[in-house]
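K.L.:
The chain contents come next:
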Amino acid sequence: MTALHELSVAELSQALRTRTVSSVEVASAFLSRIEQHGPGLNAFISILREAALAEAERADARLRAGEAGALIGIPIVHKDIFCTRGEKTTCGSRMLANFVSPYDATVVQRLRAAGVVMLGKTNMDEFAMGSSNETSYFGPVRNPWDLQRVPGGSSGGSAAAVAARLSPAATATDTGGSIRQPAALCGVTGLKPTYGRVSRFGMIAFASSLDQGGLITRSAEDSALLLAAMAGFDERDSTSVELPVPDYAATLEQPLTGLKIGLLKEFFDNGLDVGNAQRIRDALEVLREQGATLREVSLPNLPLSVPTYYVVAPAECSSNLARFDGVRYGYRCENPRDLLDLYQRSRGEGFGPEVKRRIMTGTYVLSAGYYDAYYLKAQRVRALISADFERAFHEVDVVIGPTTPTPAFELGAKTADPVTMYLNDIYTIGANLAGLPAISVPCGLVQGLPVGLQIIGPHFSEPRLFNVAHCYQRETDWHRRAPPGYV
Amino acid sequence: MDWETVIGLEIHAQLATRSKIFSGAATAYGAPPNAQADLIDLAYPGVLPVLNAEAVRMAVKFGLAINARVMRRSIFARKNYFYPDLPKGYQISQYELPIVCGGAVDIVLDDGATKRIGVTRAHLEEDAGKSLHEGLAGLTGVDLNRAGTPLIEIVSEPQLRSAREAVAYLKKVHTLVRYLGICDGNMQEGSFRCDANVSVRPRGAEKLGTRAELKNLNSFRFVEKAINYEVARQIELLSSGGQVVQETRLYDSDRGETRSMRSKEEANDYRYFPDPDLLPLELDQVYIDAVGATLPELPDQKAQRFITDYGLSAYDAGVLTASAEYADFYEVVVQDLGGHAKLAANTVNGELAGLLNRDGVEIGDSRVSAHNLAGLLKRVADSTISGKIAKDVLEAMWEEGAEADVIIEARGLRQITDESTIEHAIEAVMAANPKQLADYRAGKDKLFGFFVGQVMKATAGKANPARLNELLQKKLGG
Chain A
90 MTALHELSVA
100 ELSQALRTRT
110 VSSVEVASAF
120 LSRIEQHGPG
130 LNAFISILRE
140 AALAEAERAD
150 ARLRAGEAGA
160 LIGIPIVHKD
170 IFCTRGEKTT
180 CGSRMLANFV
190 SPYDATVVQR
200 LRAAGVVMLG
210 KTNMDEFAMG
220 SSNETSYFGP
230 VRNPWDLQRV
240 PGGSSGGSAA
250 AVAARLSPAA
260 TATDTGGSIR
270 QPAALCGVTG
280 LKPTYGRVSR
290 FGMIAFASSL
300 DQGGLITRSA
310 EDSALLLAAM
320 AGFDERDSTS
330 VELPVPDYAA
340 TLEQPLTGLK
350 IGLLKEFFDN
360 GLDVGNAQRI
370 RDALEVLREQ
380 GATLREVSLP
390 NLPLSVPTYY
400 VVAPAECSSN
410 LARFDGVRYG
420 YRCENPRDLL
430 DLYQRSRGEG
440 FGPEVKRRIM
450 TGTYVLSAGY
460 YDAYYLKAQR
470 VRALISADFE
480 RAFHEVDVVI
490 GPTTPTPAFE
500 LGAKTADPVT
510 MYLNDIYTIG
520 ANLAGLPAIS
530 VPCGLVQGLP
540 VGLQIIGPHF
550 SEPRLFNVAH
560 CYQRETDWHR
570 RAPPGYV
Chain V
11 MDWETVIGLE
21 IHAQLATRSK
31 IFSGAATAYG
41 APPNAQADLI
51 DLAYPGVLPV
61 LNAEAVRMAV
71 KFGLAINARV
81 MRRSIFARKN
91 YFYPDLPKGY
101 QISQYELPIV
111 CGGAVDIVLD
121 DGATKRIGVT
131 RAHLEEDAGK
141 SLHEGLAGLT
151 GVDLNRAGTP
161 LIEIVSEPQL
171 RSAREAVAYL
181 KKVHTLVRYL
191 GICDGNMQEG
201 SFRCDANVSV
211 RPRGAEKLGT
221 RAELKNLNSF
231 RFVEKAINYE
241 VARQIELLSS
251 GGQVVQETRL
261 YDSDRGETRS
271 MRSKEEANDY
281 RYFPDPDLLP
291 LELDQVYIDA
301 VGATLPELPD
311 QKAQRFITDY
321 GLSAYDAGVL
331 TASAEYADFY
341 EVVVQDLGGH
351 AKLAANTVNG
361 ELAGLLNRDG
371 VEIGDSRVSA
381 HNLAGLLKRV
391 ADSTISGKIA
401 KDVLEAMWEE
411 GAEADVIIEA
421 RGLRQITDES
431 TIEHAIEAVM
441 AANPKQLADY
451 RAGKDKLFGF
461 FVGQVMKATA
471 GKANPARLNE
481 LLQKKLGG
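Going down the list, the sequences are from chains A and V. The first sequence begins at 90 in this note's numbering and counts up one residue at a time. The second sequence begins at 11 in this note's numbering and counts up one residue at a time.
Because the hints were derived from the structure by calculation, they are not lab data. One or more hints might be untrue.
DEER-style ranges, computed between Cβ atoms [said to hold, decoys possible]:
id	chain 1	residue 1	chain 2	residue 2	range
1	A	Thr495	V	Glu20	34 to 40 Å
2	A	Lys177	V	Gly145	33 to 39 Å
3	V	Arg171	A	Leu465	37 to 43 Å
4	V	Glu144	A	Lys177	35 to 41 Å
5	V	Glu20	A	Lys445	31 to 37 Å
6	A	Leu534	V	Ser141	58 to 64 Å
7	A	Asp506	V	Glu64	50 to 56 Å
8	A	Asp427	V	Leu289	37 to 43 Å
Idealized CB from N, CA, C, for every residue including glycine.
Go ahead and model the full structure; you've got the sequences and the hints to work with.
P.N.:
Written out as structure tokens, the structure reads:
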């Protein structure tokens with residue numbers, strides 16, 4: 090029999106419902122792996138053994154009572170950006186290193202209600218600001234494919250945990266690529282849903298107009314099963330959209346005949362590693378063989394996405410992070426002399442350098458006299474980028490390209506120069522600016538390191554993205570490959 | 011030099027919603043500190059604001075009541091600054107696109123003329139909490155019960171030309187928001203408050219002078235005093251060759267002066283930008299019309315109706331309609347009384363208002379009900395008692411809570427209309443005052459009043475005044 094940790098969510102669901110295994114057994118197996126491999130990868134900030142086993146027992150009771158939910162007893166790990174009641178929620182920051190949330194994020198609450206068992210909270214870049222997981226107050230996460238390399242960020246802990254088979258699935262968030270980029274670099278499947286598809290309530294805000302909660306799983310099929318439980322309107326999030334949640338699993342097998350794929354011209358640029366480019370072309374061939382047609386599409390304003398993003402996101406973060414002031418919760422400096430000292434030292438000591446850099450950038454671009462030149466202009470470019478995508482989707486059903494320019498880089502390789510680091514998100518930021526759903530699936534190895542294929546669709550086209558990704562994964566086994574040492 | 015005063019008011023009216031503008035916490039005043047602050051008010055990590063539809067409806071009502079444009083699309087923006095009573099580090103307000111634009115309020119000036127004051131805009135925003143300094147031994151306490159209470163900020167054009175005009179405008183808006191039922195108007199509790207932008211310029215000049223913004227004006231009286239102080243200060247400064255500095259000044263009611271709080275240089279750069287957590291507020295005409303259909307009769311309309319239907323003076327109508335409760339009370343009196351509108355107006359605005367003021371009682375809690383007041387005035391109208399006696403009866407009703415007829419009977423206050431009784435009294439007074447009688451008959455007409463007084467005294471004020479006059483004329487004439 091296959092080891093429990095090798096089973097997909099779909100397979101575990103089957104095994105649990107047929108009572109082949111119990112939820113407690115499943116949770117125990119994964120907890121053991123987390124305790125064995127988690128520290129070496131530094132993928133976890135909290136491991137919640139006791140709470141998890143208690144939840145697993147409740148799940149078993151529900152299963153025994155004959156409840157039919159597909160996710161009852163399935164283990165998951167949450168990115169430490171999602172508030173979890175009674176447990177530490179740190180957001181990877183010293184500012185919240187000891188913060189215990191009094192409430193559950195909507196995502197956490199919905200998954201709990203579906204019977205999912207939370208095993209722990211994953212490491213992440215501080216306040217989700219980073220592309221390598223090196224900005225975490227709790228230290229960098231290591232890539233299970235090569236411990237000297239980064240897992241990507243900001244959801245590096247979630248990606249590394251799923252890649253190393255420490256959990257079958259993880260929640261994550263994506264503001265500029267924070268789900269897709271680490272998923273690509275760790276060889277797992279990362280879904281960023283349409284903006285508004287998943288509630289942001291209880292997900293600590295980085296850039297509110299870009300942030301979207303999503304999933305890191307091994308396959309598109311698993312992602313589809315979990316998204317069905319996570320997604321949907323939430324009256325506590327005004328930006329969540331009141332649309333019914335489709336049965337994502339039902340359309341996975343739809344044939345790709347007639348599918349029109351747009352090849353993003355701007356993605357195949359000088360920055361793209363030749364190895365990555367070849368893996369993408371190979372993947373496209375797999376889709377073409379299933380009846381999809383390819384054509385090149387151009388998004389002329391897309392090259393402006395990185396500078397646009399690095400105005401909009403810092404502007405929003407500079408305001409979103411103002412609440413961390415040492416007054417009501419979180420880090421407070423020792424013996425403040427007066428109010429100003431309390432603010433300055435609490436924030437000065439509580440935030441790391443990348444967070445400070447973005448707060449300062451954001452404060453600058455919103456300042457009187459600079460607002461029009463930066464923030465307003467960035468919003469106009471953002472509208473142009475959205476319009477580019479909209480035009481493209483008149484011609485094609487989905488657009489496809491690489492998720493990242495290169496495979497995982499070495500720890501410390503890009504920390505000296507923030508701009509080089511920012512360029513890592515060059516292919517992923519567009520979907521955030523336009524609010525589009527996108528999925529990254531593993532599509533091969535370059536020098537032993539995984540690379541990702543990115544599929545972007547129109548708003549609320551998650552069923553189509555899952556369908557294309559699933560049809561690709563049905564014909565390939567990249568998503569089944571575990572990093573050596575974690576089989 | 012002859013100076014002209016220019017004033018614009020920014021009024022903050024707390025909307026009388028049950029819950030806060032972006033959270034479900036209660037808004038009631040007076041709860042223990044922080045008992046009415048939920049995770050959203052406390053700005054916990056991850057929480058999000060959700061707009062209270064009732065606050066929107068109230069703002070729309072206000073816009074329609076001042077004939078403003080209710081915007082089909084308005085935007086919430088963040089006003090960023092750090093302060094302990096501002097948990098998020100920003101206040102959610104409306105900046106470039108407010109919910110209400112344009113509009114006007116008519117005020118009556120001291121000379122009786124009407125002046126129209128333009129309202130530039132009114133926008134929705136959340137209130138901040140309170141910092142408490144007293145009784146905390148050098149520490150500052152933060153009470154976030156008020157944080158997130160909905161406000162509309164009503165910004166006037168700089169069209170007010172004196173402290174009196176400013177107060178008249180403020181009172182008119184105060185009346186309006188209470189008519190609309192959107193604000194309780196309580197200035198002590200801070201549910202209705204204002205800042206005044208005050209400047210002076212040489213009369214005839216077009217360019218506005220440099221203004222000071224006055225804060226902490228929490229009563230009508232303080233508004234008037236603070237503005238007058240500030241105007242005098244600015245004129246003195248300019249007259250002696252000085253310059254007015256653009257700044258925020260705090261009114262100190264104990265010392266009756268304004269003093270500098272912060273200058274323009276120290277002012278915050280609020281870094282306004284649209285709040286990405288809230289969608290643009292979109293209102294359609296059907297909604298706006300539906301809200302319009304719920305508007306009550308407004309003070310100006312009501313006053314006009316009182317003038318037309320009841321034949322009241324503009325002044326009486328204005329006083330009676332200053333609050334909806336007051337006007338309603340009056341109308342119940344008139345209705346029960348079946349007419350005599352002027353008599354009712356005089357009594358409500360006169361004696362009853364005097365008693366209410368004396369005991370600090372609101373009209374809604376009046377110890378004489380409208381129905382009972384009508385009962386009293388019926389007895390005046392049918393000459394059972396005189397107007398003068400009516401005052402005493404009202405006083406007794408106020409104290410004892412009894413109906414007019416009970417008091418009139420119990421104290422034997424029924425008016426004497428019987429001719430022979432009055433004649434007997436007159437004859438007795440004439441007999442007791444031979445000298446005055448002689449003088450009167452010799453042409454000292456003024457003594458007529460003396461005899462009236464004496465007879466009234468003899469009858470304990472119960473003689474019917476008209477009958478008495480008539481009979482006294484006859485008797486004294488010999």
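K.L.:
Starting from the hint 31 to 37 Å, judge whether the C-beta atoms of V/Glu20 and A/Lys445 obey it.
P.N.:
Holds, at about 35 Å.
K.L.:
So does A/Asp506 sit 50 to 56 Å from V/Glu64, Cβ to Cβ?
P.N.:
holds (52 Å)
K.L.:
With 34 to 40 Å as the target window, see if A/Thr495 and V/Glu20 comply at their CB atoms.
P.N.:
With a Cβ separation near 56 Å, A/Thr495 and V/Glu20 fall outside 34 to 40 Å, so the hint is violated.
K.L.:
Mind checking the hinted window 37 to 43 Å against the Cβ distance between A/Asp427 and V/Leu289?
P.N.:
holds (39 Å)
K.L.:
Kindly confirm whether 58 to 64 Å is satisfied by the beta carbon distance between A/Leu534 and V/Ser141.
P.N.:
holds (60 Å)
K.L.:
V/Glu144 and A/Lys177, beta-carbon distance inside 35 to 41 Å?
P.N.:
holds (37 Å)
K.L.:
Starting from the hint 33 to 39 Å, judge whether the C-beta atoms of A/Lys177 and V/Gly145 obey it.
P.N.:
holds (36 Å)
K.L.:
Cβ-Cβ distance between V/Arg171 and A/Leu465: within 37 to 43 Å?
P.N.:
Given a distance of about 38 Å, which is inside 37 to 43 Å, the answer is holds.
Violated hint for the displayed structure: number 1, the only one.
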